[in-house]
Amino acid sequence: MYDTSDIRKGLKIMIDGAPYTIVEFQFVKPGKGAAFTRTKMKNLLTGAVLERNLRSGDKLEPADVETKTMQYLYKDADSFIFMDTTTYDQVGIQKDTVGDASDFMPENINVEVLFFNGRAVAVSLPNFIEQAIVETDPGFRGDTATGATKPARISTGASINVPLFINVGDVIKIDTRTGQYLERLARA
Amino acid sequence: MVAARETLETRAGILRAVRGWFERQDFVEVDTPARVRSPGQEVHLDAFPAGDRHWLITSPEYHMKRLVAAGLPRIVQVAKCWRANESGPHHRGEFTMVEWYRANEPLEALADDCEALLRVAAMAARRDAGALGLAAPFARTTVRELWARHAGFDLRGDEEAADLRAKATAAGVALGSAEAWDDIFYQVFLDRIEPQLAAAGPTFVFDWPAPLAALARPKADDPRVVERFELYAGGLELANAFGELTDPVEQRRRFEDEARTRAARGREVYPVDEALLAALPRMPPTAGIALGFDRLVMLVLGVRDIAEVVAFGDER
Chain A
4 MYDTSDIRKG LKIMIDGAPY TIVEFQFVKP GKGAAFTRTK MKNLLTGAVL ERNLRSGDKL
64 EPADVETKTM QYLYKDADSF IFMDTTTYDQ VGIQKDTVGD ASDFMPENIN VEVLFFNGRA
124 VAVSLPNFIE QAIVETDPGF RGDTATGATK PARISTGASI NVPLFINVGD VIKIDTRTGQ
184 YLERLARA
Chain B
535 MVAARETLET RAGILRAVRG WFERQDFVEV DTPARVRSPG QEVHLDAFPA GDRHWLITSP
595 EYHMKRLVAA GLPRIVQVAK CWRANESGPH HRGEFTMVEW YRANEPLEAL ADDCEALLRV
655 AAMAARRDAG ALGLAAPFAR TTVRELWARH AGFDLRGDEE AADLRAKATA AGVALGSAEA
715 WDDIFYQVFL DRIEPQLAAA GPTFVFDWPA PLAALARPKA DDPRVVERFE LYAGGLELAN
775 AFGELTDPVE QRRRFEDEAR TRAARGREVY PVDEALLAAL PRMPPTAGIA LGFDRLVMLV
835 LGVRDIAEVV AFGDER
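Chain order of the listed sequences is A and B. Heads up: the first sequence begins at 4 in the working numbering, then just goes up one per residue. Heads up: the second sequence begins at 535 in the working numbering, then just goes up one per residue.
No lab work stands behind these hints, which were simulated from the structure alone. Heads up, the beta-carbon is just placed ideally off N, CA and C, and yes, glycines get one too. There could be a bad hint or two in this list.
Claimed, not checked - In silico DMTMM-like links for lysine to aspartate or glutamate, alpha-carbon gap of 20 Å or less:
(1) A:K153 with A:D178
(2) A:K78 with A:E110
(3) A:K45 with A:D67
(4) B:K614 with B:E563
(5) A:K35 with B:E764
(6) A:K35 with B:E563
(7) A:K15 with A:E64
(8) A:K35 with B:E849
(9) A:K35 with B:E576
(10) A:K35 with B:E713
(11) A:K35 with B:E620
(12) A:K35 with B:E771
(13) A:K176 with A:E186
(14) A:K98 with A:E115
(15) A:K35 with B:D692
(16) A:K43 with A:D19
(17) A:K43 with A:D92
(18) A:K35 with B:E790
(19) B:K614 with B:E849
(20) B:K614 with B:D839
(21) A:K176 with A:D103
(22) A:K62 with B:E713
(23) A:K35 with B:D741
(24) A:K35 with B:E802
(25) A:K43 with B:D839
(26) B:K614 with B:E771
What the hints assert, rightly or not - To spell it out: a stretch of chain A is covered by chain B in this simulated footprint if at least three of its residues, at any positions, have a beta carbon under 8 Å from a beta carbon of chain B; those stretches are:
(27) 36 to 50
(28) 59 to 65
Please model the entire structure based on the sequences and the hints provided.
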């Protein structure tokens with residue numbers, strides 16, 4: 004068990020049955036009362052932020068969570084297959100768990116997999132990926148309208164909006180958090 | 535980080551103005567021992583040992599009350615105080631307190647003093663009291679009113695800890711392992727009340743429940759609460775005032791109670807201040823208050839971290 008003196012950024016604890024990581028904390032001591040630690044923490048499963056005032060003396064249960072770097076290999080009928088980059092062990096992670104991350108998860112990419120009580124519960128991508136365009140309408144020369152975009156497909160099958168000058172084979176940079184096109188890195 | 539030169543100059547100007555104000559009100563500035571045999575029995579305060587069974591004061595209150603009992607009706611002290619295990623944006627192990635006493639005057643007189651002093655401090659710092667929200671009369675409320683409004687339940691002051699816990703739980707407060715009356719109270723305070731106070735203008739909170747009496751006397755017309763107020767302003771807990779308890783029998787009972795609680799919680803137990811108990815029967819009805827001077831400077835300058843208003847604030 005932890006107590007409030009163990010609180011630091013990144014400490015992982017259980018609150019109401021869910022794992023949280025400490026984001027911010029501050030010493031407070033109201034009136035003539037006990038010392039508290041005002042704490043902001045993030046739910047590792049949902050990303051929801053929770054504020055709690057933890058009293059000095061309160062016991063905190065450590066969360067059994069672990070992050071592993073894993074390489075995405077391929078997908079089968081109902082799961083994605085990853086390889087632990089340290090042990091080379093392969094594990095399948097349910098499609099539901101991977102969720103929308105699969106849109107920006109090309110084969111062979113390294114991702115961070117969060118394990119809670121030994122079970123994979125979340126996959127997080129690098130903030131940026133580089134991908135070649137596999138399908139898009141040809142550019143319209145002469146159409147220079149600022150901000151005009153068209154849909155384009157990358158190898159994962161995901162469709163994103165790109166500027167009109169992007170062609171099949173161009174390599175672009177994508178922000179995986181917003182799903183937005185950022186820049187062209189190479190021409191076809 | 536050392537406070538900026540300008541901050542230290544402003545701090546000195548505020549202190550000069552505060553001292554001048556007390557002088558004009560016919561207060562006598564006193565200087566009581568910093569190294570004492572009885573540093574105060576309060577359950578949640580820890581004193582720094584200072585050798586030979588002495589400690590550094592956590593507050594100058596015991597000696598100052600003895601001076602009032604000895605016949606000084608209006609005294610003020612600008613005192614360094616020390617509290618172990620307190621460090622944060624509003625707390626330092628060593629800090630400066632302005633503490634004053636008015637014999638034969640009601641608790642409300644100290645609230646009036648606070649209003650005047652905060653304006654004096656703003657003026658000394660060349661800040662606009664109106665812009666700081668200090669120009670109009672400060673709001674005055676009670677603990678019970680705040681609880682009804684922001685916690686959603688009736689806090690009477692005479693309920694058992696188990697009742698209080700049940701009421702707080704029903705109101706949706708996560709209490710953790712809190713079982714003591716004061717621990718439950720402060721969990722509710724921090725979760726529900728303090729954020730509202732931090733967003734409001736300067737506010738005096740009167741009529742504290744009897745289990746949080748500290749050195750305050752029970753209210754004559756309602757013994758479930760005591761004559762105590764706290765002043766909150768700009769998200770800071772600025773001052774704490776008592777209608778001082780002068781009944782030596784009740785005071786001894788509270789000291790012994792607190793000593794037992796300290797022992798039960800594994801905290802150091804300090805000797806009871808027998809000289810204070812002996813002086814209480816000679817003490818006139820008195821109102822006394824402690825105001826955090828570093829926090830006053832923070833308030834006036836709009837500073838968020840106490841380390842920015844003291845010299846060598848980075849040397850914790």
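>> Flag every earlier hint the structure violates by its number, smallest first.
In response: Numbers 6, 8, 17 - these are the hints that the structure violates, sorted from lowest upward.
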